[in-house]
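Going down the list, the protein sequences come from chains E and H. Per this note's numbering, residue 173 is the first one in the first sequence, and the count goes up by one each step. Per this note's numbering, residue 17 is the first one in the second sequence, and the count goes up by one each step.
Just so you know, the hints here were simulated from the structure itself, not pulled from any lab data. Where is the CB? At the ideal position from N, CA and C, for every residue including glycine. Fair warning: there could be bad hints in the mix.
Here are some chain E residues pointing at chain H (derived, C-beta under 10 Å) [claimed, not checked]: (1) Tyr236; (2) Ser306; (3) Ala510; (4) Arg511; (5) Asn512.
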Amino acid sequence: MNKSNQTLAAIIITLSLLVFMSDTSYAKFGFNFGTSTTSSDNMFNDSNKVYDIFSTTSASVDIYPLTSLKISFSGEQTYYRETIGLGNVMGDLSLTFIPTKPQSKLSLYFSGSINGRTYHNEFSSIDNNYGQLSGVIGYQLRPNLNIRGGVDYKATVYVNSDDDYKRDLDFFAGANYSFLGNNVLDMEFGYSMTNYTYKDRNLDSVQHWDNPDVYIPADILWLFRIPDTKENLQLLFMSYRLSRTIGSKTGLNVTYTSRIYQNYKGGFLWGASTGFLSPWTAVWDGQTVSFNLKSYIIPKLIIKTGIGYWDKSYLITSDKYDGSDTRTYADAKSEDFARNDFVTKIYFGLQWPIAFSSGFFMEPTLNIEYTKNRSNKPLYYFDNFSITAGVSFRF
Amino acid sequence: MKRLWITLFFMSVALLFINGTSWAGNEINVTRVIFVDYDGDGFDDLAADSDDDGIPDCIERSQKESTIELISVLGSTFDAAGDNSDLYLNNKEAFGAKDFSIRFMSSRRIGLNTSEGFGPGTGLGVSASGGCVGGVCH
Numbered sequence: 173m174n175k176s177n178q179t180l181a182a183i184i185i186t187l188s189l190l191v192f193m194s195d196t197s198y199a200k201f202g203f204n205f206g207t208s209t210t211s212s213d214n215m216f217n218d219s220n221k222v223y224d225i226f227s228t229t230s231a232s233v234d235i236y237p238l239t240s241l242k243i244s245f246s247g248e249q250t251y252y253r254e255t256i257g258l259g260n261v262m263g264d265l266s267l268t269f270i271p272t273k274p275q276s277k278l279s280l281y282f283s284g285s286i287n288g289r290t291y292h293n294e295f296s297s298i299d300n301n302y303g304q305l306s307g308v309i310g311y312q313l314r315p316n317l318n319i320r321g322g323v324d325y326k327a328t329v330y331v332n333s334d335d336d337y338k339r340d341l342d343f344f345a346g347a348n349y350s351f352l353g354n355n356v357l358d359m360e361f362g363y364s365m366t367n368y369t370y371k372d373r374n375l376d377s378v379q380h381w382d383n384p385d386v387y388i389p390a391d392i393l394w395l396f397r398i399p400d401t402k403e404n405l406q407l408l409f410m411s412y413r414l415s416r417t418i419g420s421k422t423g424l425n426v427t428y429t430s431r432i433y434q435n436y437k438g439g440f441l442w443g444a445s446t447g448f449l450s451p452w453t454a455v456w457d458g459q460t461v462s463f464n465l466k467s468y469i470i471p472k473l474i475i476k477t478g479i480g481y482w483d484k485s486y487l488i489t490s491d492k493y494d495g496s497d498t499r500t501y502a503d504a505k506s507e508d509f510a511r512n513d514f515v516t517k518i519y520f521g522l523q524w525p526i527a528f529s530s531g532f533f534m535e536p537t538l539n540i541e542y543t544k545n546r547s548n549k550p551l552y553y554f555d556n557f558s559i560t561a562g563v564s565f566r567f
Numbered sequence: 017m018k019r020l021w022i023t024l025f026f027m028s029v030a031l032l033f034i035n036g037t038s039w040a041g042n043e044i045n046v047t048r049v050i051f052v053d054y055d056g057d058g059f060d061d062l063a064a065d066s067d068d069d070g071i072p073d074c075i076e077r078s079q080k081e082s083t084i085e086l087i088s089v090l091g092s093t094f095d096a097a098g099d100n101s102d103l104y105l106n107n108k109e110a111f112g113a114k115d116f117s118i119r120f121m122s123s124r125r126i127g128l129n130t131s132e133g134f135g136p137g138t139g140l141g142v143s144a145s146g147g148c149v150g151g152v153c154h
């Protein structure tokens with residue numbers, strides 16, 4: 173969907189809903205506003221260690237035309253002091269529909285959104301629009317046991333690229349179970365598919381591009397001479413989270429997550445951008461363990477801290493992109509290999525929520541984060557330390 | 017690895033049913049102190065938070081009075097409202113009650129477009145700890 177179609181769709185949907193469904197005497201609006209500034213000593217999360225300061229400002233309006241429907245318009249602008257071209261503007265329209273009653277054991281939840289993000293000319297190749305649809309069903313088996321399941325579909329188009337739509341389909345099921353007082357076990361299992369185009373490096377020979385009668389051994393060719401293969405990449409997910417309170421003012425959780433490729437055979441992908449923004453950054457195989465702690469031990473403040481470890485294996489992807497559509501060439505049997513990272517992340521956050529009797533709410537926040545990334549690829553052997561200060565408002 | 021998955025899955029199912037027997041026969045309308053935690057922060061998600069500031073009322077009170085209160089399932093504001101949505105002042109409040117009731121469904125943390133729930137989760141800025149940047153969730 174191009175930008176004009178997206179805007180048109182947004183206007184039509186919104187006006188239709190407002191005109192035909194809204195009972196204005198009961199409808200009410202909600203407003204949210206937030207702004208933050210981050211100082212990062214490694215903006216792109218790689219060994220180039222580019223320092224930058226960036227500010228993000230966001231605003232949203234929520235409209236409630238029905239007791240079961242919320243329509244949200246939101247916008248966000250991010251400004252980078254050094255890498256100005258990475259500055260971008262985002263617009264989003266989303267609908268959330270909850271047809272079931274609060275007391276019902278059976279719960280249903282549907283949501284849909286369209287979103288567009290535009291960068292400055294320098295990075296316009298990663299301008300993207302996406303549409304997303306979700307449906308979730310939940311049931312309270314017992315007061316201490318809830319089960320849930322659902323499906324989520326997301327289609328992303330990079331508007332200035334010839335690449336196909338990126339389509340993600342996720343199925344998931346989970347259970348939340350309280351036991352032995354204040355212990356809670358939450359489990360989630362998932363199956364995901366995403367379409368991708370790759371170069372099959374296991375081919376023995378390739379048909380000549382000018383002479384169909386001639387076959388050439390694949391391992392002597394440049395990769396761009398290997399024909400594209402289109403397929404759906406499948407992953408399985410599994411996550412266990414155990415949480416509980418320690419004393420009356422501190423809570424914690426330990427979470428283990430595993431993601432496993434089901435049908436990846438080492439194909440080579442062209443990345444769409446830098447590693448930081450590549451859509452393939454989100455696709456990896458491996459395991460995660462994290463420990464998170466939240467405390468109200470200091471009056472009026474919320475303290476959050478945590479540490480996590482990731483063992484990740486990425487798709488074999490060339491993330492180099494110079495903006496002129498001249499991508500790195502590599503041969504079929506070259507040194508390109510999967511990127512394997514071992515990541516340690518630590519964070520510490522402070523929130524100071526202030527609620528006024530008028531319904532106005534504000535919350536200053538401060539977050540400090542440290543990432544240590546060790547990789548078998550020198551480009552991704554890095555550290556990152558960042559500080560974010562911000563404030564959000566709601567009324 | 018597959019064997020580990022299968023083992024963990026069946027152990028989970030077994031745990032649910034074995035431990036669940038202690039709850040057998042309980043009716044939903046029996047008032048009971050039950051601790052639930054959908055977002056994994058370790059705190060009771062049914063604890064009342066009348067000013068919606070993220071700090072449960074019992075914590076705020078305890079900071080003044082050193083008392084702790086747990087709220088039972090049926091003791092929450094939303095259950096007391098029954099099925100009659102007229103009790104809410106407007107659509108926003110009625111929707112808020114529904115949104116509150118489905119938190120156990122919306123706290124999803126795995127998938128291609130989720131950010132794993134690690135980090136401060138304040139929704140502000142571009143977080144290095146599991147945030148989404150330019151439509152990509154790390």
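So, going through the hints one by one against the coordinates:
Contact between Tyr236/E and chain H, as hinted, is supported at the beta carbon level, the nearest pair being about 4 Å apart and thus within 10 Å. Taking 10 Å as the C-beta contact cut-off toward chain H, the hint placing Ser306/E at the interface holds, the least distance being around 9 Å. Annotation: Ala510/E was flagged as interfacial toward chain H, and the flag is violated, the nearest CB pair being 17 Å apart, outside 10 Å. With a least beta-carbon distance of about 14 Å to chain H, the hint placing Arg511/E at the interface is violated under the 10 Å criterion.
Because the smallest distance between the Cβ of Asn512/E and any Cβ of chain H comes to about 16 Å, over 10 Å, the interface hint for this residue is violated.
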